[in-house]
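If you want the building blocks of each chain, they are given just below.
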Amino acid sequence: MNDRPTIIGGLVIALVALTFPIWYSVGAGRPGPPPELELPADESQCVEDAASMRANHMDLLDRWRDAVVREGRRTYRSTNLGEVEMSLTKTCLGCHRNRETFCLRCHEYANVGGEGPAGGVRCWACHLEPEGN
Amino acid sequence: MNVLISLAAVVVLFLVGLLGGLPVLDIVFGILLPYAALAVFLGGLVYRVLGYARVPVPFRITTTCGQEKSLPWIRQAKLDNPSSIWGVIGRMALEVLCFRSLLRNTRTRLLEGGRLAYATSLTLWLAAMAFHWSMLVILIRHLRLFTQPVPGAVQWLQDVDGFLEVGVPVIYLSTLVFLVALAYLFLRRAVNPQLRYISLLDDYLLLFLLLGIGLSGFSLRHLIKTDIVAVKELTLGLATFRGVSLATLGTISPLFFGHLFLVCALLAYFPFSKLVHMIGIFLSPTRNLANNNRMVRHVNPWDYPVKVHTYEEYEDELREKMKAAGIPVEKE
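Sequence lines, in order, name chains A and B.
Position 105 (the first sequence) corresponds to 105 in my numbering; numbering is contiguous.
One gets my numbering by counting positions in the second sequence from 1 and adding 1000 to each.
A few of these clues could be false.
[As the list claims (entries may be wrong)] Label-pair distances were calculated between CB atoms; the ranges are: (1) B/Val1016 / A/Ser78: 35 to 45 Å; (2) A/Ala28 / B/Leu1246: 32 to 42 Å; (3) A/Arg77 / B/Leu1246: 49 to 59 Å; (4) B/Ile1281 / A/Arg77: 55 to 65 Å; (5) A/Thr75 / B/His1132: 44 to 54 Å; (6) A/Thr79 / B/Val1024: 24 to 34 Å; (7) B/Ala1077 / A/Leu15: 45 to 55 Å; (8) A/Ala28 / B/Ile1281: 26 to 36 Å; (9) A/Pro31 / B/Leu1136: 21 to 31 Å.
The hints are simulated quantities; they were obtained by calculation from the structure and are not laboratory data.
The beta-carbon is built from N, C-alpha and C at its ideal position, and this holds for glycine as well.
With the hints as extra help, turn the sequences into a complete structure.
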């Protein structure tokens, strides 16, 4: 007895499964660079440097929430904009007025659950978006 | 000693990986090494499996647990000693998905009065299940970095995995289970003297490598963050063979390269380590051969036509001499 055909068949299945990302992306038309984000037209700087915001904005929001909810402090001394109010709706979305073309577009690309397609729930179930986008 | 050497090896690997944060070296650690590691991983696996495939299978192993198929009034252990292909598939599936043979792990103890007692010990099974399944979940979750659009199943898994909704970003349950299980699997070797005695350098090395990957991954998500969008540009660039711009590569933190380099080391080492059991398990003869020796004729694959010299031929050749010596012959 020799089980070569079965073994080779299994090997092919294993290889197909292990290289899933490669053929999936080829099937999806080899997606290119991340989507363009709509940045505020009338402002040039974020509360902190853009690079640090890209990596750490969720930390900042987390710290803001703790400061507001647990300690009752509402002003934040930022690096770039002086004192700002610690508010998701009023400050962040005050500049980044369109959540869809900014926060959401990026989160969809990185598949962030908290605010992505299935989400929206986690923050925006309670927090408001500015009207009239 | 083995523990310290392997720990030091993983720390050194990690520190080397951090060099990926430097310009130019980021091309090496971000693009060249991952492709090389993947090639070694896939090529090595194919090589190992082709090696297994060349081994002939003379006979079915009957000495697995359970009653084999016999007379109609003797109940067969259909899963432990299957005689059909479906039984084999069932046995294999239970082994691969539930690690059934680890359930046979026992603990031996000398009770008072010198009585020897055996008891089932489920901790190894539990830790192995926790470790392997959480690793699968973690691997699937990583697809969010390698696919665009991300399959809905990945999002679903993320939601289920993060159902505790603790922390921003949420702490995934699988991350915690993975780290705790690995810590247990290490302590098991380090604390138990018998196990320590049979543990090799490579056993510790793999555990530390996996722990290093887990801890650096946890840090990347929760402690020392990096720009995930840039990381995704890199990883997606690798999957689509499109590459990534140097500017983007430059914004990724050294910690990420440390994480990636440990993964590359694991991938490249995989085919040469005990980890090939990922594929080898499917080829274990006590799991994948139906016990049908009494139903099917199994011809020994290394049988070849042997040149024989029968007694009749022998006698034909020497009859005269035998007669002369008075030796009795069959044919006159």
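Outcome of the hint check:
1. A C-beta distance of roughly 37 Å is found between B/Val1016 and A/Ser78, which places it inside the suggested range of 35 to 45 Å.
2. Against the hinted window of 32 to 42 Å, the Cβ-Cβ separation of A/Ala28 and B/Leu1246 comes to about 25 Å, which falls outside the hint.
3. The hinted range of 49 to 59 Å is not satisfied by A/Arg77 and B/Leu1246, whose Cβ atoms lie roughly 35 Å apart.
4. Take B/Ile1281 and A/Arg77: their Cβ atoms lie about 58 Å apart, and the range 55 to 65 Å holds.
5. Checked against the hint of 44 to 54 Å, the pair A/Thr75 and B/His1132 passes, with Cβ atoms roughly 49 Å apart.
6. Taking the beta carbon of each, A/Thr79 and B/Val1024 are about 30 Å apart, inside 24 to 34 Å as hinted.
7. Taken as a hint, the range 45 to 55 Å is violated for the pair B/Ala1077 and A/Leu15, whose Cβ atoms sit roughly 34 Å apart.
8. Separated by about 32 Å at the C-beta atoms, A/Ala28 and B/Ile1281 satisfy the suggested range of 26 to 36 Å.
9. Separation of A/Pro31 from B/Leu1136 is about 25 Å and conforms to the stated range, judged on CB atoms against 21 to 31 Å.
Violated hints for the displayed structure, listed by number in ascending order: 2, 3 and 7.
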